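4 protein chains.
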Amino acid sequence: MDPTAERRYVLTLSCPDTTGIVARISGFLADAGGWIVEAGYHSDPGTGWFFTRQVVRADSVPFDAEELRARFAPVAAELGGEADWRVTDTGVPKRAVLLVSKEPHCLHDLLGRVAARELPVELDAVIGNHDTLGGIVRAHGVPFHHVGFPPPGNGRHQAAKDEAFGRLRELVGAPDVVVLARFMQILPADLCREWAGRAINIHHSFLPSFVGARPYHQAYARGVKLIGATCHYVTENLDAGPIIEQDVIRVDHGDTAADMVRRGRDIERMVLSRGLRWHLEDRILVHGNKTVVFR
Amino acid sequence: MDPTAERRYVLTLSCPDTTGIVARISGFLADAGGWIVEAGYHSDPGTGWFFTRQVVRADSVPFDAEELRARFAPVAAELGGEADWRVTDTGVPKRAVLLVSKEPHCLHDLLGRVAARELPVELDAVIGNHDTLGGIVRAHGVPFHHVGFPPPGNGRHQAAKDEAFGRLRELVGAPDVVVLARFMQILPADLCREWAGRAINIHHSFLPSFVGARPYHQAYARGVKLIGATCHYVTENLDAGPIIEQDVIRVDHGDTAADMVRRGRDIERMVLSRGLRWHLEDRILVHGNKTVVFR
Amino acid sequence: MDPTAERRYVLTLSCPDTTGIVARISGFLADAGGWIVEAGYHSDPGTGWFFTRQVVRADSVPFDAEELRARFAPVAAELGGEADWRVTDTGVPKRAVLLVSKEPHCLHDLLGRVAARELPVELDAVIGNHDTLGGIVRAHGVPFHHVGFPPPGNGRHQAAKDEAFGRLRELVGAPDVVVLARFMQILPADLCREWAGRAINIHHSFLPSFVGARPYHQAYARGVKLIGATCHYVTENLDAGPIIEQDVIRVDHGDTAADMVRRGRDIERMVLSRGLRWHLEDRILVHGNKTVVFR
Amino acid sequence: MDPTAERRYVLTLSCPDTTGIVARISGFLADAGGWIVEAGYHSDPGTGWFFTRQVVRADSVPFDAEELRARFAPVAAELGGEADWRVTDTGVPKRAVLLVSKEPHCLHDLLGRVAARELPVELDAVIGNHDTLGGIVRAHGVPFHHVGFPPPGNGRHQAAKDEAFGRLRELVGAPDVVVLARFMQILPADLCREWAGRAINIHHSFLPSFVGARPYHQAYARGVKLIGATCHYVTENLDAGPIIEQDVIRVDHGDTAADMVRRGRDIERMVLSRGLRWHLEDRILVHGNKTVVFR
Chain W
-12 MDPTAERRYV LTLSCPDTTG IVARISGFLA DAGGWIVEAG YHSDPGTGWF
38 FTRQVVRADS VPFDAEELRA RFAPVAAELG GEADWRVTDT GVPKRAVLLV
88 SKEPHCLHDL LGRVAARELP VELDAVIGNH DTLGGIVRAH GVPFHHVGFP
138 PPGNGRHQAA KDEAFGRLRE LVGAPDVVVL ARFMQILPAD LCREWAGRAI
188 NIHHSFLPSF VGARPYHQAY ARGVKLIGAT CHYVTENLDA GPIIEQDVIR
238 VDHGDTAADM VRRGRDIERM VLSRGLRWHL EDRILVHGNK TVVFR
Chain X
-12 MDPTAERRYV LTLSCPDTTG IVARISGFLA DAGGWIVEAG YHSDPGTGWF
38 FTRQVVRADS VPFDAEELRA RFAPVAAELG GEADWRVTDT GVPKRAVLLV
88 SKEPHCLHDL LGRVAARELP VELDAVIGNH DTLGGIVRAH GVPFHHVGFP
138 PPGNGRHQAA KDEAFGRLRE LVGAPDVVVL ARFMQILPAD LCREWAGRAI
188 NIHHSFLPSF VGARPYHQAY ARGVKLIGAT CHYVTENLDA GPIIEQDVIR
238 VDHGDTAADM VRRGRDIERM VLSRGLRWHL EDRILVHGNK TVVFR
Chain L
-12 MDPTAERRYV LTLSCPDTTG IVARISGFLA DAGGWIVEAG YHSDPGTGWF
38 FTRQVVRADS VPFDAEELRA RFAPVAAELG GEADWRVTDT GVPKRAVLLV
88 SKEPHCLHDL LGRVAARELP VELDAVIGNH DTLGGIVRAH GVPFHHVGFP
138 PPGNGRHQAA KDEAFGRLRE LVGAPDVVVL ARFMQILPAD LCREWAGRAI
188 NIHHSFLPSF VGARPYHQAY ARGVKLIGAT CHYVTENLDA GPIIEQDVIR
238 VDHGDTAADM VRRGRDIERM VLSRGLRWHL EDRILVHGNK TVVFR
Chain C
-12 MDPTAERRYV LTLSCPDTTG IVARISGFLA DAGGWIVEAG YHSDPGTGWF
38 FTRQVVRADS VPFDAEELRA RFAPVAAELG GEADWRVTDT GVPKRAVLLV
88 SKEPHCLHDL LGRVAARELP VELDAVIGNH DTLGGIVRAH GVPFHHVGFP
138 PPGNGRHQAA KDEAFGRLRE LVGAPDVVVL ARFMQILPAD LCREWAGRAI
188 NIHHSFLPSF VGARPYHQAY ARGVKLIGAT CHYVTENLDA GPIIEQDVIR
238 VDHGDTAADM VRRGRDIERM VLSRGLRWHL EDRILVHGNK TVVFR
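Residue numbers (the working numbering), protein chains in the order written: chain W, -12 to 282; chain X, -12 to 282; chain L, -12 to 282; chain C, -12 to 282.
Be aware that one or more of the hints could be misleading.
As the list claims (entries may be wrong) - Cβ-to-Cβ under 7 Å is the rule here; a few derived chain X residues that face chain W:
no. : residue
1   : H29
2   : R56
3   : R58
4   : M171
5   : Q172
6   : P195
7   : S196
8   : G210
9   : I230
10  : E232
11  : H240
12  : V273
13  : K277
14  : V279
Bear in mind the hints are in silico, worked out from the structure with no lab data behind them. Remember, predicted model here, so these are calculated numbers, not experimental data. Don't be surprised by glycine CBs; every beta carbon is placed ideally from N, CA and C.
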C-alpha cells in the first residue's frame, strides 16, 4: 500500500433494513469524533436488507481499531442478531496467497501491481501446480511453492489429488485472500467452505455464459460479438459463486479462438485486479449469491 | 437514405477458399472500370471459406446493376457451385416491415432514425399485435396494421394463432427485411424458414446468457455486473440464430430488475439499429450459425 | 414519470465539511420516521465541501414536502450560512422546455422517451429557430413555437437577435429545465445567468477537445480514434460549463467526417438523455465548475 | 512471438488511388501462388490515397521475402513514384528498445507480455533515466542501461542534456521500434526525425485534451467524466504526432487526481500494448499526421 496514505478504519455492516439505521451508525461515529471520508449505503428492496460501508480517518478517533470494535459491538447488537459487521484498519496490511498454473498473464500483472504499490497487499506466497512460473515469482522476492497434482485418469488419482490439496491447504495458511489467478484445478468442497468469502477466481467468460472448460472456444463456436471475463467468489458450485466484477471486449469474425484466448487476457487481468482491489479495500459485501460493491 | 449519397453497387460473395479469388474478382471489376470505394475480405481458417464485400461507384462502370450481375455470373461459376453471391444497387431503396407489441422504445427509435434519414430504408408498414402504437406510426406517415393474437391458454388457441400468423404473413409481403422490434410472439417454424436471412430480432440479453422470457429478471437474480442486448437473425431455435451485434451496459447492486429493464432499452435501441443498418447495407454474410460483418 | 412509482422526497445538500453532518441529517430524518431508500454522500478533499442526496418514501413521514422543508430549515442553518439545500417531491412532475434547430435526432429521442414514460418530465413546449421539426412535435401533443433568428452578417443583426432571444425567453417561461437539444444559437450572457443551473446543453465532442463549431470535422482532421459527446450546464463561457456526463464511441480510418456526424448521434442521444434524467431526479449538485452526480 | 505460429509475409502499400490497384496487387500475389490469409484495403476520399495490407502464408510462395520484394518492385513502380511499400517476414523477429523513467506500470506490463510471448518482439534493451527499474528488467534477462539526465535549471543543463541524449542514441542503436514507456524526457528534434515512424509514446490523456504535463491533474480540474490515454508516433510537436490508439475509463466526483493517476494506468497499459502490437505486426500506415490501422 502507498505508505503515505492516511490511515483509516473501515466499517462494513449488513442487516435487515429498518428506519433509523443510518442515524444510529452515523450518530455513533459522530460521538466518537469520527471524520467520515467515504460512506456508502444500499437498501435492497428485493431482500429487505441494508448494507453500509463507512470509512473514517484513524486520527480523528481517540482510540484504536480494537477499541472501535468493542464500542461498536453494542450498537450492532441493537440492529438484531442477523447483523454482520466488521471493522478493519488500513494500517494493518492485508495478506494474499496466489494460486497459479502455467498461464502467466494474471500472475505477471499482479506481481507488477504489487511491485508498483498499486494494490494494498503483501504476498505471502505463490503456489503453482507447475513450477514454470517460479523464476519470476522469486525475482519479485516472493516465496514460490510447487505442489504437483496427478494427471487425470490415473488410478490412484483421487488419493493423490486429496494429498496435493492437503499440502496446498497447509501452504496457504490463513491469509486475507486466496487468489486463483488462472489456477486450473477445481477446489474440493471442504476448501471452498474453509475459504468461503476470501477465495476469488477469475473465469475467462462473461458468466453465466460458457461455464466450465475452454470458454473462449465455446464463445468462438457460438459466434458472439463480445467476449468477457468474470471475477467471483469461489463456492462449491463451479463458476456459480457471487459475481464481483465483469467486463467485455469486442471481437469479430476475424478473431479465431486463439485470438480470443490472447485478447481475453487483457480483460482477465483488469477484471481480476479490480475485484482483488475491492476485496482488499473491504468494498464487497456478500449476501446470498450476490455482491454489493461500494465503489 | 441520404439522397445526396453517391450511387453504388455492392457485391457480396462467399465460397470455399482457394488461391486467386481476390485476383479474379478484382480483375473482373478492374476490367469493368469499377472504382472500388470499400472492400472487405475474410478468409476463415476454421471452415475453409472465403467471404468478400466490394463496393464500386455506380458511375464508374458503363452499365447497370442487372448487367453487372449477368457479367459476374460466369466469374462466380468458376468459383464452384457452392458460391453464394449477390449484387445490390444502393439506388434502389430497401424496404422494411416492423413487427411490434406494446413496448415502444425500439419503434420510436427506428421511426426517428428513418425520419432523420439515418437508415437507408423505406417502411412499408408497422404491424402490431396490440394497437397501442398505431398513433405514432401513422403520425410518421407509415401504415399501421393491428393483428390480434389470442391470449395463451385459450382452447381454440392454436387455430387462432395460426390464423393470426397467416394474416401477418400476408400483410408483411416480401420486404427486404422484417424487423422484430420487441415483438413478443414466437414465430412459427414455417415463417422462420420463409423469412430466413431477412428477419432480425432484438433479444434483451447478452446471448447465450438468459435465453427466453424475462431476461433482465434472470440477470438480476444472477447478480451480473453488465447487462446486454443481442441482435440476431431469427431461426427456428429460439434466441439461437446467427448473432449480428451485441453490446452491454454496466449495472450494479443498486439496480433493480425494473431499473435493468429501463436501462437496457438504451442498449436494445443501439444494437438493433446497428444490426439493421448493417443488414440494409449488405454488410452481413451468414455462414452456418455465424455471421461475417464487414464494417 | 411512471405513475405507479412510489412517491418520494429528495433532499440534496452541500456545505463546508465537518464532523457529524451525516449524523445530524440522518438523525433528523429518523426522528421524522423517514424510510431512506437511497443515500449518497461525498466528502471532497480538494474543496473541503460535503455533498449529500437522500431519498425517503413519502408515505413514511407524517407530513408533506412543504412541512419537511420547514422542519429541515433549522437543521440546515446549523450547518452554516453557506449550506445550499433543496427538498423536492417526486409527486410533482418536473417541467421542461426543449430548444431545437434543424437536427432532429435528439428531439426524436427525447420525444420517444417522454412518450414511453422513461423520463419523469412533462414537456411544456418545444421551440425551434426553424420550423422543420414542428410536425413531429405536434404529433406528440406538445406545443411547438417557431422563433426566427436573423442570419449572421445582417446589418440589423444584433437588434434582431436580441429581439428573438427576448421572445424565446418569454416563451420558455420558468420550467425546471431548459434543454438545448442541438440548438445552434449561442445564448446571450443574461439568459445564461437567468437559467443558471437549469439549462443543459449537448455538445458533440469529448470536451475539452474540440470546443466550438464543427467538432466532428475537427476530430476527423486530428485523426482521433474515439469521438464523444458532452452534456453540461450552460454558462457564459462557450462549451466550458460544469460537465454532467460524457461518453465516446470508437471510430477508425474508414470513418469520414460525415460518418462521424452520423455515428456521433448515438452518443449525443444517450449522453443528453442520461444528463437530463439525472437533472430531473435531482442527482446533480454543482460546485464551482464541477458536478457531483449521485447515480 | 509464438514459435508455433505459421510464417507469413506482410505486404503494406500506400499510393495515390486509381482504378485497378487491387487487381494488380492481388494478380501479382496470385501469380506467385500466394495464399492470402488477411487483406485490408482502404480508399481515402479526403486525400485520394489508397492503402493496403496483405498477408500471405510464406509456404505458399516458392521463394523468400527478399525475392518477393525484388519481384514486387516493378509492380509498385507502375503505381507511381509516390508509392510507399514494404514486405516484412514474420519469421524475422522484430527488435525493440524501451525507454523508461521511474513509473513502473507500463514497463512491468510489457515485460510480462514479452515473457508470456504475447508480443512478437525481442527486447534489445531497456534504458532508464533513473536506475530504479533496473532490477526487474535484469530479472527478465534483458539488458538495462542507466543514462542520467541533468535536473532542470542547472547552468550547464543544455550541454549535459545533449550529451545524455547522445549516449541514449548510441545505446538505442537501430531497432524496429523505440517505445517511450512513460519516459519523462522530451526527445530533441533530431532524434524525433531519426526515429520517425518507429518511436511510439504513451500519453496519459485523451488527446488533444490535456497536452503536456500532469494531464490527470488537468482532467481533475476540468471535471471530466472519462479519462483516457493515447498511443502515438513521436514527432517534433509535443503530443501532436499521428494517433495510433486511444481508450478511456469512467471516473466520477469521488476520484481524486491521485485516483485518476492510479486508475489511468490500466488504460495506459492497454493502449500502449495494443499500439505496440499493431506496429510490430505492420498494421499501421502513416499518412500525413494520421494513421490507417488495419486490425
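Outcome of the hint check:
The restraint placing X:H29 at the interface with chain W holds, with a minimum CB-CB distance near 6 Å, inside the 7 Å limit. Using the Cβ-Cβ criterion of 7 Å, the hint placing X:R56 at the interface with chain W is not satisfied: the shortest such distance is roughly 26 Å. At about 29 Å, the closest approach between the beta carbon of X:R58 and any beta carbon in chain W exceeds 7 Å, and the interface hint on this residue is violated. A cut of 7 Å between beta carbons decides the hint on X:M171: the least distance to chain W is about 24 Å, and the hint is violated.
Proximity of X:Q172 to chain W is violated relative to the hint, the smallest CB-CB distance being about 25 Å (cut-off 7 Å). The interface hint given for X:P195 holds, since its Cβ lies 5 Å from the closest Cβ of chain W, which is under the 7 Å cut-off. Nearest Cβ of chain W to the Cβ of X:S196: about 5 Å, under the 7 Å cut. The hint holds. Proximity of X:G210 to chain W holds as hinted, the smallest CB-CB distance being about 4 Å (cut-off 7 Å).
Residue-level restraint check for X:I230 holds (minimum Cβ-Cβ distance to chain W is 5 Å; threshold 7 Å). Annotation: X:E232 was flagged as interfacial toward chain W, and the flag holds, the nearest CB pair being 6 Å apart, inside 7 Å. Restraint check, X:H240 versus chain W: the minimum CB separation of about 4 Å is within 7 Å; hint holds. The restraint placing X:V273 at the interface with chain W is violated, with a minimum CB-CB distance near 10 Å, outside the 7 Å limit.
With a least beta-carbon distance of about 3 Å to chain W, the hint placing X:K277 at the interface is held under the 7 Å criterion. Hint status for X:V279: holds, given a least beta-carbon distance of 4 Å to chain W, under 7 Å.
When the structure is compared with the earlier hints, violations turn up for hints 2, 3, 4, 5, 12 and for no others.
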